[in-house]
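Visitor: Let's have the full structure, built from the sequences with the hints guiding it.
Protein chains: 2
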Amino acid sequence: MKELKTAIATLVLISAAASEAAVENLTGFADTERQLALESFLVDSLSATELDAWSKRLSAHAHHAGSPYGRENVRFIAELFRSWGYDVGIETFDILLPVPKERELILEGPDGYRATLMEDILEEDASSAGRSEVLPPYNAFSTDGDVQGELVFVNYGIPEDYEMLERYGIDVTGKIVIAKYGKSWRGIKPKLAAEHGAIGAIIYSDPADDGYTQGDVYPTGPFKNDSGVQRGSVMDMPLYPGDVLTPGKPAIKGTRRLRIADAPTITKIPVLPISYRDAEPLLRALGGEVVPGWSGALPITYHIGPGPARVRLKLVFDWQRITIENVIARLEGASYPDEWIIRGNHHDAWNHGASDPISGLVALLGEAKAVAMLAAEGKPPARTIIYAAWDAEEPGLIGSTEWVEKHRRELNSKAVTYLNTDGNGRGFVSIGGSHTLEGFFNEVLASVIDPQTKVSLAERRRAMLSVTGDEKQRKELDSRKDLRIAPLGSGSDYTPFLQHLGITSANFGFGGESAHGSYHTLYDTYEHYTRFRDPGFVYAVTLAELTGRTTLRLANARVLPFRFTGLADSLKLYLSELEMLAKEQRDEAKRINRLLEQDTYRLALDANKTLGAPKALPRVPFFNFAPLLNALVRVEDAATDLDKALDEGDFDNVDLAVLNKHLYQSERKLTSTDGLPGRDWYRHQIYAPGFYTGYGVKTLPRVRETIEAKLYDEVDHQIAVTAEVLEAFAMYLDETRALLP
Amino acid sequence: MKELKTAIATLVLISAAASEAAVENLTGFADTERQLALESFLVDSLSATELDAWSKRLSAHAHHAGSPYGRENVRFIAELFRSWGYDVGIETFDILLPVPKERELILEGPDGYRATLMEDILEEDASSAGRSEVLPPYNAFSTDGDVQGELVFVNYGIPEDYEMLERYGIDVTGKIVIAKYGKSWRGIKPKLAAEHGAIGAIIYSDPADDGYTQGDVYPTGPFKNDSGVQRGSVMDMPLYPGDVLTPGKPAIKGTRRLRIADAPTITKIPVLPISYRDAEPLLRALGGEVVPGWSGALPITYHIGPGPARVRLKLVFDWQRITIENVIARLEGASYPDEWIIRGNHHDAWNHGASDPISGLVALLGEAKAVAMLAAEGKPPARTIIYAAWDAEEPGLIGSTEWVEKHRRELNSKAVTYLNTDGNGRGFVSIGGSHTLEGFFNEVLASVIDPQTKVSLAERRRAMLSVTGDEKQRKELDSRKDLRIAPLGSGSDYTPFLQHLGITSANFGFGGESAHGSYHTLYDTYEHYTRFRDPGFVYAVTLAELTGRTTLRLANARVLPFRFTGLADSLKLYLSELEMLAKEQRDEAKRINRLLEQDTYRLALDANKTLGAPKALPRVPFFNFAPLLNALVRVEDAATDLDKALDEGDFDNVDLAVLNKHLYQSERKLTSTDGLPGRDWYRHQIYAPGFYTGYGVKTLPRVRETIEAKLYDEVDHQIAVTAEVLEAFAMYLDETRALLP
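Residue numbers (the working numbering), protein chains in the order written: chain A, 5 to 745; chain B, 5 to 745.
FYI, nobody ran anything at the bench for these hints, they're computed from the structure. One should not assume that every hint holds.
When chains are identical, the list treats them as one kind, so a pair holds in a single copy or across two.
Claimed, not checked - DSSO-like, lysine-lysine: derived pairs with alpha carbons at most 30 Å apart:
id : residue 1 : residue 2
1  : LYS476    : LYS619
2  : LYS648    : LYS576
3  : LYS619    : LYS458
4  : LYS476    : LYS613
5  : LYS594    : LYS485
6  : LYS613    : LYS479
7  : LYS479    : LYS587
8  : LYS187    : LYS594
The model shown is predicted, which means the values in this text are computed figures rather than measured ones.
Guide: Right, dumping it as structure tokens:
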């Protein structure tokens, strides 16, 4: 105990020097110095060597959900937590998880080709040799199927690509589509293909996107070689994530399960991911037109078909029920045990997963160890901290979703924030999350020093945006005190916390200097990671510092560092985007329809080609944005008042427990139990993953997606519903303000 | 004679129907009906079959300048003109024209490669088999050289690419560069490479630009196959075109010639064009960094080097003096024999040249035949028409330039306009030229019917711009009566007329639906052309109609159809572009320099890569644009007054010969005998090819290029000089106005 105190005293000096240019007083703290000393201890405890050792251990074998090594990892992780003094549980769920039994893709005909459907074993990467234990390339939650048909190349397979195909007179009904990875989350591709009548879908990674065009391929460089395949889930997560058979309910005994045939988040058609080596003969065998801009970097002409290439795609899955295991490690808060800071990272991978998820997980472990050491030395957190290592994130955020669904009630009441990490790499910090913590996150970013440049993470990110940002971003850098936090869509385990329950959440990571093509391939290995993603685990340590400081500040703050004017400012931005979106659609519809009326396309287009005019667009009416504009003013006013009172910091006669609960419950008020149109699992009314983009966020989703879907009759209603949420939110801020003098 | 009259009478009816929607009265004509009848006769005389036959004949063998078949073509063309009643001369010049004796390109080392440097013979294209008669791939006016050195990939080899290389710390001094064709005229590439210290240059066509990425390659489709090579001149034409030994003087007996070693337009370093088949092993052998955005479509990672690839480039040329032959066919004007309408197209090709130049030449021949038939039937042109088939355009506009330099005095006095064509294809009309005829060209465009859509050429072009144009272009379509004529840079035989002598000029062609990769390859053959460029010679006939109507209207107009407000409007646009250019450079310099001062690049860039910060930029002062703005107002006022008087058409007491001469001499007033800074051959002060872009036009070039070159101290002076020219031009317009009531 004494030793620790000395250590802390020393560290204060170092920390003071390091963060001199940063904050003078940490928001929400009466004793900044003490908190900075705790954080300095944390920083000093972090060891790249230790993170490296854990990474090597955890990624030594394939460890997908349900795999033997996955179970070993769970025990290893649990044991670490236990050894540091955590109260550890392994919470299990019984979920549906298909794994492939048969995968067959054949180009038919005399110049036929049978796809190899597997990565090469590389001498330079010993991990790639363990063929028997690995999951071959597949898309989880593809349906079974054995289909034969003409092939059609659909570019990225996103809505605008189908609009273009329609202009070429091409209907994919009864056909098998081949789409590039990219431009949308992968699950959108089979979903759209099926909606357009296709009977099967193939997804491949074009070398233009993450192969040789981007840089040297593995093992020479980090990019995708011609055998690499991106695995990944195609579960319809924008409808709901988690176990496909238990929507909204935990996959535990007693929960009624859907029949597999009725599970709406399983794809309607079979879909398989392949390498560009396997894609080339298929694409080469296509005839038909060439759409300008659709070519990739294979040394061929990219025709769209349909045919003459015909393919057979056969997929048979073992629709197994497996038990997944979340490791939940709990450290009781000394002052507010019923206020929870939850910090998570998944532990399952597609195979070795050195980058995804182990690079994030080792940072979490490093952080958790330091936090436990502090507690062991008599400096426990004021609030309860829960570290979670989720299982089955890859197939569909299953471990976290089921856990959230199981602990719904308690989380609703107690969860202060959820802090997520996942794969990490060298480069620039990025934080996505709830804007009520935007100012707080900026404060943390100012406290952490970038290991390469020795300036704060905030300063380095500002520098990057100053150099590479567009004019709008650069302008904002000059005019806005805080870096704008990105809104969250989906793609990792924060989704059930944020979008289902309305728990203030954030996702942390580094990247931008570790571009690669190993994502979800057999080559996401320790070998690849340590050569190309983050040699020396330098940014793994920095990530641990970043999330560790965040966790400790949230756990220890006397008054939780929530603020609301930053949120109001982002809401204002999103609302202006919606108005612009409506205007652009209105102008575009007018333009296209006028061109159609005047027969301009017939005159402009090449009659020798099949490209035709676009379809007429529905007229875009003017919408009544007034309810949202008025609600926004209410939020702005309430936020300004509340932030001012919080900044004044006169808490002497305030019941802090009540105030803090009001603060951390604020995000709940941005949700609605009705959820979003057509997907009631998603309750957040500000942030959602796009129904037709997948991971990509849609802010003010009711309004935005209704406009995007051209359901113009419904827009005013969705504006009104969203405005009601904001009006209620403003009232809630007023109530919170009333707690203060 | 009688028969013709009947024919004309009949044709008037047809013509009236066809052009009903067009103009009611042709500008400058007292008797529109008579003129339209002449034009209808012309239209009826045109025969696709005949153009096809001429094309087949003229492109049957390679016929580059000085070649045996080229000489046969000259005789064939001359005989055609003679047979139609023209006064025909073959005007010769003795010029320097190097042809390759040795071409060798070797990738050195154990995995070496010797470039094949020749196109494949294709069964599907009989023309490609005549190996003995063809010119192999080379760049004319490359210097001799035998160089060895490390290779550096310089992307397109344009100024911004060298700036990027400098940021990577790469100096090309003593090295051999390899650059993609495109983004600039080819001659810029060895010029810039030499200025940066390179000892040799290789240029290749990347498949992304006109190979398999764009569509099927020859012979399956029109695009460049892996053996195709673009030949072409690299003479420093932005300095002066024409014979390299006789700048500004005709290459005839008695003209003093430079020594070859002193000729400034021969490259300083050897340069050779190659195919992508030959480029691939070279590029593959490069190491070093990968610059984002520099990759092409070869299935490799595009490293920039330098080295380890080392190449040897050996080029030996036969610096022969050859005689070139222009065919000049003259039809004396019945009323104004000393007012010349000159109509030209070159006859020399790189090899077979079915597209370039024969597709334009056969249109010229068709037009010339019809014009002669009219004359033979007693309807000779009022002004003299001169048809020219130029030799040696390909190596450097030599035939036309020498002829212009020889006939300088007479042309100065008599030339009304020069109307140029060159290669042609299927698609949309494009006219580039002098803006004093913009209204007139629009009138012609309204008279000619597009063969595919049956609307006027103007309407079809408007439709295309409405669909594919950017917002600015679309706005202009709505707000401007006339289609804006593109200003001319260089690239064909109009250059000596327009830019050296200030003769009002235009260039006509069709394209946009006949994309291809055969340009300057061995595959620019009759076979390729008739399959892909203009099957059925449909647009060759339309081109003949377009230029024929243009020629006949200019030849017969009572008052020449010059107008000046269109020019004033374009000058206003160019001036606003200059102000914007200065502003953008000022803002950019401020931005970059601020980032440098704040050390932002060090923070933003990846320290593991060699990409460094850009250099500090000189501060951009505010320039005194007032003289140009004031001069522009003067031009606008004078143009408005003059156009009004011309439109009123009260010519009863006007000496039309004097008025017409004033009108057609107007373009001369836009020139200055001082020429442009550093290149006095270029005298036009409004239009010039870019000194560092080549073909691409620079309007108001004194000012624009001085700003672009960052010679900020000189900008005000160049503004003043240009303003003086415009002031004088405005006075000239006032004088011309004074000739009218």
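Visitor: Run every hint past the structure and note whether it holds.
Guide: Verification of the supplied hints:
| no. | hint | in the structure |
| --- | --- | --- |
| 1 | LYS476 x LYS619 | between (33 Å within a copy, 24 Å between copies) |
| 2 | LYS648 x LYS576 | within (19 Å within a copy, 53 Å between copies) |
| 3 | LYS619 x LYS458 | between (55 Å within a copy, 23 Å between copies) |
| 4 | LYS476 x LYS613 | between (40 Å within a copy, 27 Å between copies) |
| 5 | LYS594 x LYS485 | between (40 Å within a copy, 22 Å between copies) |
| 6 | LYS613 x LYS479 | between (44 Å within a copy, 28 Å between copies) |
| 7 | LYS479 x LYS587 | both (23 Å within a copy, 17 Å between copies) |
| 8 | LYS187 x LYS594 | within (27 Å within a copy, 35 Å between copies) |
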